[in-house]
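Colleague: Guided by the hints, dock chains Z and S onto chain C, whose structure is given.
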Amino acid sequence: MKKFFSEFLRGIIKENPTFVLVLGLCPTLAVSVSVINGIGMGIAATFVLLGSNIIIAMLKNIIPDRVRIPCYIVVIATFVTINEMVMKAYSPALNRALGIYVPLIVVNCIVLGRAEAYASKNSVVNSLFDGLGMGVGFTLALILISAIREFLGAGKLLGHTVIKGFQPAFVLGMPSGALLVIGLLLGFFNVLKSKKE
Amino acid sequence: MNATQFLTIFISAVFIYNVILSRFLGLCSFVAISKETKPALAMSLSVMFVTTMASIITWFIYRFLLIPFGLTYLRTISFILVIATFVQFVEMVIRKISPPMYRFFGIYLPLITVNCAVLGVAVLNVDMFFMNGKAIPGSFYYSLFQGICVGLGYTLAMLLMSGIRERLDLCNVPEAVKDFPLAFIIASIMSLSFLGFNGFKF
Amino acid sequence: MKNKFIVSVSPHLHKDESIGKIMWMVVISLIPAGLAGVFIFGLKAFWVIILGVISALVTEAILQKLTKKKVTIWDGSAVLTGLLLAYNLPPQVPFWLPIIGSVFAIAIGKQVFGGLGQNIFNPALVGRVFLMASWPKYMTTFLKPFDAITSATPLALLKEGKLIEHISYLDLFLGKRGGCIGEVCILALLLGALFLFIRGYLSWHIPITYIFSVGLFTYIFGPRGLFTGDWLFHILSGGLILGAFFMATDYVTSPLTRKGQIVFGIGCGLITAVIRLWGGYPEGVSYAILMMNAATPIIDRYTKNKIYGTK
Chain C
600 MKKFFSEFLR GIIKENPTFV LVLGLCPTLA VSVSVINGIG MGIAATFVLL GSNIIIAMLK
660 NIIPDRVRIP CYIVVIATFV TINEMVMKAY SPALNRALGI YVPLIVVNCI VLGRAEAYAS
720 KNSVVNSLFD GLGMGVGFTL ALILISAIRE FLGAGKLLGH TVIKGFQPAF VLGMPSGALL
780 VIGLLLGFFN VLKSKKE
Chain Z
395 MNATQFLTIF ISAVFIYNVI LSRFLGLCSF VAISKETKPA LAMSLSVMFV TTMASIITWF
455 IYRFLLIPFG LTYLRTISFI LVIATFVQFV EMVIRKISPP MYRFFGIYLP LITVNCAVLG
515 VAVLNVDMFF MNGKAIPGSF YYSLFQGICV GLGYTLAMLL MSGIRERLDL CNVPEAVKDF
575 PLAFIIASIM SLSFLGFNGF KF
Chain S
88 MKNKFIVSVS PHLHKDESIG KIMWMVVISL IPAGLAGVFI FGLKAFWVII LGVISALVTE
148 AILQKLTKKK VTIWDGSAVL TGLLLAYNLP PQVPFWLPII GSVFAIAIGK QVFGGLGQNI
208 FNPALVGRVF LMASWPKYMT TFLKPFDAIT SATPLALLKE GKLIEHISYL DLFLGKRGGC
268 IGEVCILALL LGALFLFIRG YLSWHIPITY IFSVGLFTYI FGPRGLFTGD WLFHILSGGL
328 ILGAFFMATD YVTSPLTRKG QIVFGIGCGL ITAVIRLWGG YPEGVSYAIL MMNAATPIID
388 RYTKNKIYGT K
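Chains as they are written, first to last, in the numbering used here: chain C, 600 to 796; chain Z, 395 to 596; chain S, 88 to 398.
Quick caveat, the hints were computed from the structure, so don't treat them as lab data.
Just so it is clear, the structure is predicted and the values come from calculations on it, not from any experiment.
Take the hints with a grain of salt, since some may be wrong.
Unchecked claim - Taking lysine to any residue pairs in the SDA-like style, the calculated list, with each CA pair at most 20 Å apart, reads:
(1) Z:Lys572 <-> C:Val619
(2) C:Lys687 <-> Z:Thr470
(3) S:Lys391 <-> Z:Lys572
(4) C:Lys792 <-> Z:Phe574
Unchecked claim - From chain C, some residues computed to sit far from chain Z (all C-beta separations above 12 Å):
(5) Ala753
(6) Thr760
(7) Leu783
(8) Phe787
From the three backbone atoms N, C-alpha and C, an ideal C-beta is built for every residue, glycine too.
Next comes chain C alone, as it looks inside the complex (with noise of 0.2 Å):
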């Protein structure tokens, strides 16, 4: 049981999808403008993250090497089609604000880049777990990342306000702004990582 727990923390931290594998930039770019979206982003995500891992751990041995990965975009693309029709059902507000990458969640790098690198080689249950970090990892980093964009950027938290009379710096809901704030954001852990060497 303990082995599972650290497989899952590892995606949070360790191997971060964001700050540390440096995959799924794209949409995070794109989402990470406000806690809102970067929630549900994450959510959608993860969903797509573990049923892929698990049914691609499941189906590993069947599937032949040299055609694996068209193979894994049809597991994938599934499972984000599932996603696409219950968030449109269940949640049509933030299916609306994200808009094309709900969709683009097939070409998300973190859920293709755990099939082939973990699911086609571990077992079932740890897949399980390895897609549950990756994915839990993803949406805190969303969080973080549009934490900081919203508020600076356009002066609200949750859509909220937050001081009267900021003016908010609009380069960060741009694209380079995202990037800013990931390169000082990484910055910033090395300098905590080395602090407690």
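Modeller: Showing chains Z and S alone in chain C's frame:
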């Protein structure tokens, strides 16, 4: 079909709406593989090859399969499958030609499949060169050329970034921002400077 | 690994003066432009300049102290960055704008790369572009010279297709136009540049090729057909003179060799002209220089002088 359109495609795809620095597609590999020029160029060549071939194949699929059978809503998924198959093929080739390069690319080679730049150019071709469900004259050649140019734009961004990072390798950069943090910050400044091309009208 | 080492490391010094002396000389050469800006736009401009310079100094001092490096804020480079940033701002920006701009310029444009000599991009321009993207309204509201009402810059008027007949070349040359504090008085800028030329701190390659490229390109692609462009207007407008003589020429962020510098100048000129003629923004100098800064390592790589005996 005229020469100005080709010129416009070239300048747009490579400079004005550079796939990485203006459209922000293909960033994962951009930040990860741009540390040294040789691998950066190798990755760029691979991506350019895939974008070109993907443009060709997806054009045919759209024109002769999806439109006639009214299946255009299957665009994304069919394009992705085509790209995935093709990248698998590229992977096999690289594995054979240069195993060390293959190992170096690691996860980022199969990730060309989901490189937003590749799917992006396929979708862009369809959006730009088909009107009301019909291919505009010269559509195929424009799409092919745009595929090549997007690859060139990707190469340009990679070349610039690897040049910068190699130069910084010789300096003593603060420990905390070495490698990735600085790469992100450089990407941020580069994309800020490319904002200058916003609102372009020929 | 052998071909990773280049023989010389930037910045290149052709005399045995220290970096400090050069930086301070450039600062001195920029004083006329600043005085002109204050004269034309009033006391507000003065405060912008002071705030810009002081913020730059303080930021650099704090960052160097935090990273336990030697505090070198009196080498003139921070002052120069703060000054150039302020010169690139409209005169009546809110007080916090030059402060944030300078902090960003020094912290992100310079220190994050490891400090003086290691930055890839011109720090003042990094700051300006950041401010431009963050608070576009403040960065594009200009004052009428010798007045307190707002007015558009000549290039902005050109971009909107409005007539600019009431502004003469002399007006542009002396600075009687809306614009950023340090960019408007061409006379003052040229005086400063002349000073640097005479003392040997400035070489002609980048400024001349830059200005010439802009002039040629805007002449060819004129508004009423080929070869009808008003190249003199373009050369005297916007931030071209300020950029070509004082920012594109920054030792650290421009190529080492003469050949490379010419390529750099032409590149800057082309991009500036293209943005001015067909881009969404009226002025493209900052963006052009930053883009060419990014290309400088590659330019250096392919124009470096061959070492005798190697391939």
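Colleague: Taking the hints in turn, state whether each one holds.
Modeller: Cross-check of the supplied hints:
no. : hint                  : verdict
1   : Z:Lys572 <-> C:Val619 : 13 Å, holds
2   : C:Lys687 <-> Z:Thr470 : 18 Å, holds
3   : S:Lys391 <-> Z:Lys572 : 26 Å, violated
4   : C:Lys792 <-> Z:Phe574 : 15 Å, holds
5   : Ala753                : 18 Å, holds
6   : Thr760                : 26 Å, holds
7   : Leu783                : 7 Å, violated
8   : Phe787                : 8 Å, violated
Of the hints listed earlier, those the structure fails to meet are numbers 3, 7 and 8, in rising order.
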